[in-house]
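Student: Those sequence lines, one after another, are chains P and V.
Using my numbering, the first residue of the first sequence is number 1, and each one after it goes up by one.
Using my numbering, the first residue of the second sequence is number 1, and each one after it goes up by one.
Derived by calculation from the structure, the hints in this document are not laboratory data.
Here the structure is a predicted model, which is why all the values come from computation and not from measurement.
Be aware that a few hints might be false.
Just some of the chain V residues that point at chain P, by a computed CB distance under 7 Å [said to hold, decoys possible]:
#1 Lys269
#2 Thr270
#3 Arg271
#4 Gln274
#5 Ala278
#6 Gly281
#7 Asn282
#8 Ala285
#9 Arg288
#10 Ala289
#11 Gly290
#12 Ile291
#13 Gly348
For each residue, glycine too, the CB sits at the ideal point set by N, CA and C.
Take a look at the letters that make up each chain.
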Amino acid sequence: MIRTQQTLQTNLGNPILECTGITKRFGGLTAVNNVDFKIHNGEVVGLVGDNGAGKSTLVQIISGVYLPDEGQICVDGEKVAFSSPMDARNAGIETIYQDLALATNLNAADNIFLGREILNKKTKMFSVLDRKTMKEEARTILKELEITIPGLDRPIRELSGGQRQAVAISRSIYWNAKLLIMDEPTAALGVPEQRKVYELVGKLKERNVPIIVISHNMNDVFTVADRIVVLRRGKKVADVNVSDTNDEQIVSWMVGKDDDSKESE
Amino acid sequence: MWIPQKHRLLSTNPTSLYYFTITKSKSFLGYAQEGPRILVYMKTMKIKQKIISKQRDHTKALLYLGKYWVWIFLVILIGGFSSAPGFFSLDNFQAVLANNSLLLVLAIGQSFVIITGGIDLSTGWVMGLASVAASLIMRQFPLDANLLLVIGAGLLMSLIIGLLAGWINGIVISKLKVPPFIATLGMYGIARGLGYILSGGPPVSVNHPGIGQFGNGYVFYFHPDTGTNLFKVPEGISGLELRQMSTFLPYLVVYFLIILVIFHLVLSKTRFGQHVYAVGGNKMAALRAGIPVDKILTQVYILSAVMASVAGFLYVMRYSGGVAAAGDALNLNSVAAVVVGGASLNGGEGTIIGTLAGTLIIAFIQNGLIILGIDPFYQYVAVGVIIIFAVLIDQIKRQGVK
Numbered sequence: 001m002i003r004t005q006q007t008l009q010t011n012l013g014n015p016i017l018e019c020t021g022i023t024k025r026f027g028g029l030t031a032v033n034n035v036d037f038k039i040h041n042g043e044v045v046g047l048v049g050d051n052g053a054g055k056s057t058l059v060q061i062i063s064g065v066y067l068p069d070e071g072q073i074c075v076d077g078e079k080v081a082f083s084s085p086m087d088a089r090n091a092g093i094e095t096i097y098q099d100l101a102l103a104t105n106l107n108a109a110d111n112i113f114l115g116r117e118i119l120n121k122k123t124k125m126f127s128v129l130d131r132k133t134m135k136e137e138a139r140t141i142l143k144e145l146e147i148t149i150p151g152l153d154r155p156i157r158e159l160s161g162g163q164r165q166a167v168a169i170s171r172s173i174y175w176n177a178k179l180l181i182m183d184e185p186t187a188a189l190g191v192p193e194q195r196k197v198y199e200l201v202g203k204l205k206e207r208n209v210p211i212i213v214i215s216h217n218m219n220d221v222f223t224v225a226d227r228i229v230v231l232r233r234g235k236k237v238a239d240v241n242v243s244d245t246n247d248e249q250i251v252s253w254m255v256g257k258d259d260d261s262k263e264s265e
Numbered sequence: 001m002w003i004p005q006k007h008r009l010l011s012t013n014p015t016s017l018y019y020f021t022i023t024k025s026k027s028f029l030g031y032a033q034e035g036p037r038i039l040v041y042m043k044t045m046k047i048k049q050k051i052i053s054k055q056r057d058h059t060k061a062l063l064y065l066g067k068y069w070v071w072i073f074l075v076i077l078i079g080g081f082s083s084a085p086g087f088f089s090l091d092n093f094q095a096v097l098a099n100n101s102l103l104l105v106l107a108i109g110q111s112f113v114i115i116t117g118g119i120d121l122s123t124g125w126v127m128g129l130a131s132v133a134a135s136l137i138m139r140q141f142p143l144d145a146n147l148l149l150v151i152g153a154g155l156l157m158s159l160i161i162g163l164l165a166g167w168i169n170g171i172v173i174s175k176l177k178v179p180p181f182i183a184t185l186g187m188y189g190i191a192r193g194l195g196y197i198l199s200g201g202p203p204v205s206v207n208h209p210g211i212g213q214f215g216n217g218y219v220f221y222f223h224p225d226t227g228t229n230l231f232k233v234p235e236g237i238s239g240l241e242l243r244q245m246s247t248f249l250p251y252l253v254v255y256f257l258i259i260l261v262i263f264h265l266v267l268s269k270t271r272f273g274q275h276v277y278a279v280g281g282n283k284m285a286a287l288r289a290g291i292p293v294d295k296i297l298t299q300v301y302i303l304s305a306v307m308a309s310v311a312g313f314l315y316v317m318r319y320s321g322g323v324a325a326a327g328d329a330l331n332l333n334s335v336a337a338v339v340v341g342g343a344s345l346n347g348g349e350g351t352i353i354g355t356l357a358g359t360l361i362i363a364f365i366q367n368g369l370i371i372l373g374i375d376p377f378y379q380y381v382a383v384g385v386i387i388i389f390a391v392l393i394d395q396i397k398r399q400g401v402k
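Bound-form chain P, shown alone (with noise of 0.2 Å):
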């Protein structure tokens, strides 16, 4: 009963996920400045900018933490207001943090069903944990992803980085994200690592799952993303496609070098 199978079925045409005129203020400043950004299923976007240059707070619009000021958001073509990340997660927008949001004690089922537990059907009366089955849907959906972590039993503690990044993606997976956002993935993951993490985002986009990854790392965007989109200042400076442009480029675009002519559309 993996729930992931819908994300196979749902519409390949429209974007899941479309931003229109996204403008949010803070006082004075404008963090986001009419911006529109969409994404289709199985694409990988990545989102590049420098430090200030919006990318946090159009995810955090993104992902319920702001409402913007103006603009609207559609998924699956429905109008969405978000008042809160947990409203986002309901309507299958997952946002795998910085800080992975891991209970580190815990073991990689556990976390799975972190606040979603399966509970024993028998004795309900007592909320009594089906621990069986989690572990069985939880080695499920790892080998689904091809996930291999040493031990279901071992708390996450114990785990790499990278498998601790492995388990966080597959329990959003498991529950069924329309659209996933990846804050610096790779960020504090050494070298083979960060590889591991570049397979898993592949196979999620083999699933047709759509991927937002934000980064700093040229190499990141380059190895993972079709789609690249810069902000500067916050506004959409470009929306290119991986094979059309080069790290040089989008360094340019990143600290304004040649404004004027790349202006996006």
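Got chain P; can you put chain V on it based on the hints?
Tutor: Chain V only, in chain P's frame:
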């Protein structure tokens, strides 16, 4: 790049640079064609690799030691004291268990609190207040009143005290965000003061005949002449014959075994227990996962105070009366028992079975030293040393894992 066999490190991934390492970095200079940059990289890799593999070995040993040292220590302790006359006997073990059942009940409540990363410093004094309040209510009944009614009233009164004290602790900590140490220290003073105010100072006795049986009785009474009797002393036995009688399984041990099993199951098998661990492990993660963190925190402090009030009620049963200072000595010992039992004051770790072991260690140290005729004040020193030792082991365990 060719690297001699002896310098290759067995790695699962031959494409990774981890695959190659060098035993002597100087000799590597001979065949490093890629220049100093890769040399530096590989040097750091080598060091990292060494540290990691060393850590893994140590970690495994430490994990096992960290997990089971309490039980190993308990066995050594019992073995060591067994030379003392009368220590290794059923009677003594029964007495130790019965005498420390109240401590265990407090420590079970304390375990839940400590696993969430908090601490309950008020538990011993809530126990005292509950014992006083229960005694005062029970005294209102005439001496020939139905015993079950009297006991029921006393139990109800102590539970009310526990619920109230725990609810206040929980709200102050979870909603008003007062640190648990301070909040429960406040409750410590409030419960202590109220206990003395209500009782006026001296113990409040409960004189209903038969009350003491509930706290001091045994399940089995065995006499060579009359055989086995359940629940009470066989009639017509007195004087010398009474001394020949053997007794098994004190009621208090039955009570605590029931409580122990219930709360072991609650902590290890239920969703509530799982959320207690999650809150202690990573509060933010628990919040983001939709766990009602404030509610869980309130509940554990209520649980702790209710356990304290149950202990206070059992105190009345055992000593036929209540006193404000009933739990004075048990207050910090309950924290000690939980910590010695493997719980971490940082939260997220600990089990009820571990708490049982911690309680037994403290209990047997006290008992053994008394039987050996050593000045009883040394037991404080011994327990103190073991607490520090337990926390050190916890820290080493954590560092080993990192």
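Student: Does each hint hold? Answer for all of them.
Tutor: Against the structure, the hints come out as follows:
1. Lys269: holds (5 Å)
2. Thr270: Hint holds; threonine 270(V) Cβ to chain P Cβ min 5 Å, cut 7 Å.
3. Arg271: Since the shortest Cβ distance to chain P is 4 Å, the answer is holds.
4. Gln274: holds (6 Å)
5. Ala278: holds (5 Å)
6. Gly281: Because about 4 Å separates glycine 281(V) from the closest Cβ in chain P, which is inside the 7 Å limit, the hint holds.
7. Asn282: holds (5 Å)
8. Ala285: Since the shortest Cβ distance to chain P is 4 Å, the answer is holds.
9. Arg288: Holds: closest Cβ of chain P sits about 5 Å from arginine 288(V), inside 7 Å.
10. Ala289: holds (3 Å)
11. Gly290: holds (4 Å)
12. Ile291: holds (5 Å)
13. Gly348: Hint holds; glycine 348(V) Cβ to chain P Cβ min 4 Å, cut 7 Å.
When held up to the earlier numbered hints, the structure conflicts with none and fits them all.
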